[in-house]
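Protein chains in written order, with numbering that gives the first Met the number 0: chain A, 0 to 325; chain B, 0 to 325.
Errors might be hidden in some of the hints.
The list makes no distinction among identical chains, and a pair is therefore deemed to hold if it is satisfied within one copy or across any two copies.
Okay, derived cross-link-like pairs now, DSBU-like style, lysine-lysine, Cα gap no bigger than 30 Å in a straight line [stated by the list, open to error]:
1. K70 / K167
2. K225 / K307
3. K209 / K22
4. K12 / K212
5. K248 / K187
6. K1 / K187
7. K224 / K12
8. K67 / K167
9. K225 / K126
10. K126 / K70
11. K12 / K167
12. K225 / K305
13. K126 / K248
14. K224 / K11
15. K11 / K225
16. K225 / K70
17. K187 / K67
18. K212 / K126
19. K248 / K12
20. K126 / K187
21. K305 / K209
22. K224 / K22
23. K307 / K209
None of these hints come from the bench; they were simulated from the model.
Number of protein chains: 2
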Amino acid sequence: MKVLITTVPFGKKNRLPLDLLEKSNIDYVINPLGRKLTENELAEMVPDFDVIIAGTEPITDYVIECGKKLKMISRVGIGLDSVDLISARNRGIAVSYTPDAPAPAVSELTIGLMISLLRSVQISNMKIHNGSWNRYFGRRLSECTIGIIGMGRIGSRVLHHLSGFGCKQILLNDVRENYNINESETIKWVEKENIYNEADIITLHLPLTKDTKNMICREELLTMKKDAIIINTSRGGIINENDLYEVLKNDHLEGAAIDVFDNEPYFGNLQTIDNCLLTAHMGSMSIDCRTRMEIEATEEALRFIKNKKMLSCVPEDEYSVQEEGL
Amino acid sequence: MKVLITTVPFGKKNRLPLDLLEKSNIDYVINPLGRKLTENELAEMVPDFDVIIAGTEPITDYVIECGKKLKMISRVGIGLDSVDLISARNRGIAVSYTPDAPAPAVSELTIGLMISLLRSVQISNMKIHNGSWNRYFGRRLSECTIGIIGMGRIGSRVLHHLSGFGCKQILLNDVRENYNINESETIKWVEKENIYNEADIITLHLPLTKDTKNMICREELLTMKKDAIIINTSRGGIINENDLYEVLKNDHLEGAAIDVFDNEPYFGNLQTIDNCLLTAHMGSMSIDCRTRMEIEATEEALRFIKNKKMLSCVPEDEYSVQEEGL
Chain A
0 MKVLITTVPF
10 GKKNRLPLDL
20 LEKSNIDYVI
30 NPLGRKLTEN
40 ELAEMVPDFD
50 VIIAGTEPIT
60 DYVIECGKKL
70 KMISRVGIGL
80 DSVDLISARN
90 RGIAVSYTPD
100 APAPAVSELT
110 IGLMISLLRS
120 VQISNMKIHN
130 GSWNRYFGRR
140 LSECTIGIIG
150 MGRIGSRVLH
160 HLSGFGCKQI
170 LLNDVRENYN
180 INESETIKWV
190 EKENIYNEAD
200 IITLHLPLTK
210 DTKNMICREE
220 LLTMKKDAII
230 INTSRGGIIN
240 ENDLYEVLKN
250 DHLEGAAIDV
260 FDNEPYFGNL
270 QTIDNCLLTA
280 HMGSMSIDCR
290 TRMEIEATEE
300 ALRFIKNKKM
310 LSCVPEDEYS
320 VQEEGL
Chain B
0 MKVLITTVPF
10 GKKNRLPLDL
20 LEKSNIDYVI
30 NPLGRKLTEN
40 ELAEMVPDFD
50 VIIAGTEPIT
60 DYVIECGKKL
70 KMISRVGIGL
80 DSVDLISARN
90 RGIAVSYTPD
100 APAPAVSELT
110 IGLMISLLRS
120 VQISNMKIHN
130 GSWNRYFGRR
140 LSECTIGIIG
150 MGRIGSRVLH
160 HLSGFGCKQI
170 LLNDVRENYN
180 INESETIKWV
190 EKENIYNEAD
200 IITLHLPLTK
210 DTKNMICREE
220 LLTMKKDAII
230 INTSRGGIIN
240 ENDLYEVLKN
250 DHLEGAAIDV
260 FDNEPYFGNL
270 QTIDNCLLTA
280 HMGSMSIDCR
290 TRMEIEATEE
300 ALRFIKNKKM
310 LSCVPEDEYS
320 VQEEGL
């Protein structure tokens, strides 16, 4: 069996996943381009391989069709928007993922992005490095109404991190019905439209699906407070990038922090907006979480190769989402 | 009575402090230079005024001597290193401050700076805005040993904020004996040398005094872990700036976040270091804390002017610190 590792970097901070493959005498190739592959690049590479240890590159019906030997896709991460699950199932290809590993890193980064935006940290830093000194006013988390849309593994951790800040009001919403968090004086479940209207900080922790694609466009952005901030560390495409650019350019919203993009690497007009804090899809990139993701995905690939019971097959409801929506 | 307001901005986000002065028919002048005054500038301005509503500009023996009519100094903030308290007392000048107001803003910013540094947020942001895409590995708060030096109003809030992150080890130290926080499995009081040696993140929440001036120089920085990060949102001068520059330049320490400087506005060689996150003394600059500081300082000045009992005179131990050290 031959394994194609498309996600990069891989095995860089901790060699263990590569060691695991080598100990089992598995031939592997790491993505030679060193960046996210396009559909065509992947389609060209895939015919030779039995297993893909995959990042977020598009594993479309076409790619899967080209993968004549392909038997298994092991996603390093949680999002499945990049994989055509139905096509994989129709061709008998197993798909696994690592749903728990990224959460601690994404949720911490989200809190850091909130405070940076509220206090204009990145702007002050850029100005001082360029030789000018400006003191910016800001706001504190505890004064703000915070809206969390998506209360799965990551959103619920964001809520927990906020517990040490004494926030006055936290509004929760999810596209799936998993209302397993109790309301309190400061924590309320609401419609997402209430979050758009009332929150000072809006943070998204959703999968990218038919239903969440372009969930937040010009119209939704304009219903937000003029001084609201919005954070997306989940998936590109949920906030419409061009609409966000237009709205920020016209001084609606106080700022945005965007870690995920329609196309990555991202080169687009948000680069020209100072109060748009941009990071390079680094949500899960803490050494420990990334290592855990790589190890889990590799172990699952090895279980498949050795005909052992797989432990983190993508569950049925992820297939339903792709077939029918949420 | 005439009031000189040296701290800027003042009354900008909330006009109430200016309204209070106007309602009491008090003549006031706001620092016409719009930036932190030097000793000589202040000495030239001060002779005409009875009260200073002061920022962090140097209110030295010489300034106080020039202030022939000066009767009261009302500091907007907590630090008193800028005021020669002994000289003020010897001339019968009352000094007040606002010790509680800045803490919530400084402590939140500190958490934001920790996460930004750990995850290279400001570097990724700068790179993307300049057209390049780099994914940086980082670490999480909960993996790190965190050292807090200074457990007064601000340090203890930092500790509280960290409670929602599940940190594995938090080491505490203070130059004054106020060990009012209980140890636990994860929280320990230690010598500051232990913090230098063992912490992954070191954050300072100390006053600037004879004893803390240059407390952290080359030698101390080099005893820190090669990949440690250090944060100073307290007072410039506690970390020696030139030594920090040399050490960062030689790739010891993973990064630093500095909000306070020997001379402000700061223009110095830390500007050339990408992994030195620089902010413009914005610790207390949340709108609510800054407003509260300005109102409290103005109300205290008005109490003095109207011969009412003052409520936040600088306590005796601050005078002792300036006379004898900590």
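Each hint tested on the structure:
For the homomeric pair K70 and K167, neither the shortest alpha-carbon distance inside one copy (51 Å) nor that between copies (41 Å) is at most 30 Å. Proximity of K225 and K307 under a CA criterion of 30 Å is satisfied in neither setting, with 55 Å inside one chain copy and 42 Å between copies. Taking the shortest alpha-carbon separations for K209 and K22, neither the intra-copy value of 41 Å nor the inter-copy value of 60 Å comes in at or below 30 Å. Taking the shortest alpha-carbon separations for K12 and K212, neither the intra-copy value of 33 Å nor the inter-copy value of 38 Å comes in at or below 30 Å.
With identical chains, the CA atoms of K248 and K187 are never at most 30 Å apart, being 32 Å at best within one copy and 48 Å at best between copies. In this assembly of identical chains, K1 and K187 lie within 30 Å of each other by CA distance neither inside one copy nor across copies; the values are 50 Å within and 50 Å between. Only between protomers do K224 and K12 lie at most 30 Å apart by alpha-carbon distance; the minimum there is 18 Å, versus 42 Å within a single protomer. Within a single copy, K67 and K167 get their C-alpha atoms no closer than 56 Å, and across copies no closer than 48 Å, so neither meets the 30 Å cut-off.
Taking the shortest alpha-carbon separations for K225 and K126, both the intra-copy value of 24 Å and the inter-copy value of 28 Å come in at or below 30 Å. In the homo-oligomer, the alpha carbons of K126 and K70 never lie at most 30 Å apart, since the shortest distance is 52 Å inside one protomer and 39 Å across protomers. Taking CA atoms no more than 30 Å apart as the test, K12 paired with K167 passes between copies only; the shortest distance there is 21 Å, against 40 Å inside one copy. In this assembly of identical chains, the alpha carbons of K225 and K305 never lie at most 30 Å apart, being 56 Å within a copy and 42 Å across copies at closest.
Taking CA atoms no more than 30 Å apart as the test, K126 paired with K248 passes in both settings, with 19 Å inside one copy and 20 Å between copies. For the identical chains of this complex, K224 and K11 are inter-copy neighbours only, at 21 Å across copies versus 43 Å inside a copy, given an alpha-carbon limit of 30 Å. For a Cα distance limit of 30 Å, the shortest separation of K11 from K225 across copies, 19 Å, qualifies, whereas the shortest one inside one copy, 43 Å, does not. In the homo-oligomer, the alpha carbons of K225 and K70 never lie at most 30 Å apart, since the shortest distance is 50 Å inside one protomer and 44 Å across protomers.
Taking CA atoms no more than 30 Å apart as the test, K187 paired with K67 passes in neither setting, with 50 Å inside one copy and 59 Å between copies. For a Cα distance limit of 30 Å, the shortest separation of K212 from K126 across copies, 27 Å, qualifies, whereas the shortest one inside one copy, 35 Å, does not. In this assembly of identical chains, K248 and K12 lie within 30 Å of each other by CA distance solely across copies; the values are 23 Å between and 39 Å within a copy. Taking the shortest Cα distances, K126 and K187 never come within 30 Å of each other, neither inside one copy (39 Å) nor across copies (38 Å).
Proximity of K305 to K209 under the C-alpha cut-off of 30 Å is found in neither arrangement, the shortest distances being 35 Å within a copy and 68 Å between copies. Taking CA atoms no more than 30 Å apart as the test, K224 paired with K22 passes in neither setting, with 56 Å inside one copy and 34 Å between copies. Taking the closest pair of Cα atoms, K307 and K209 never come within 30 Å of each other, the shortest separation being 34 Å inside a single copy and 67 Å across copies.
Hints 1, 2, 3, 4, 5, 6, 8, 10, 12, 16, 17, 20, 21, 22 and 23 from the list above are not met by this structure, while the remaining hints are.
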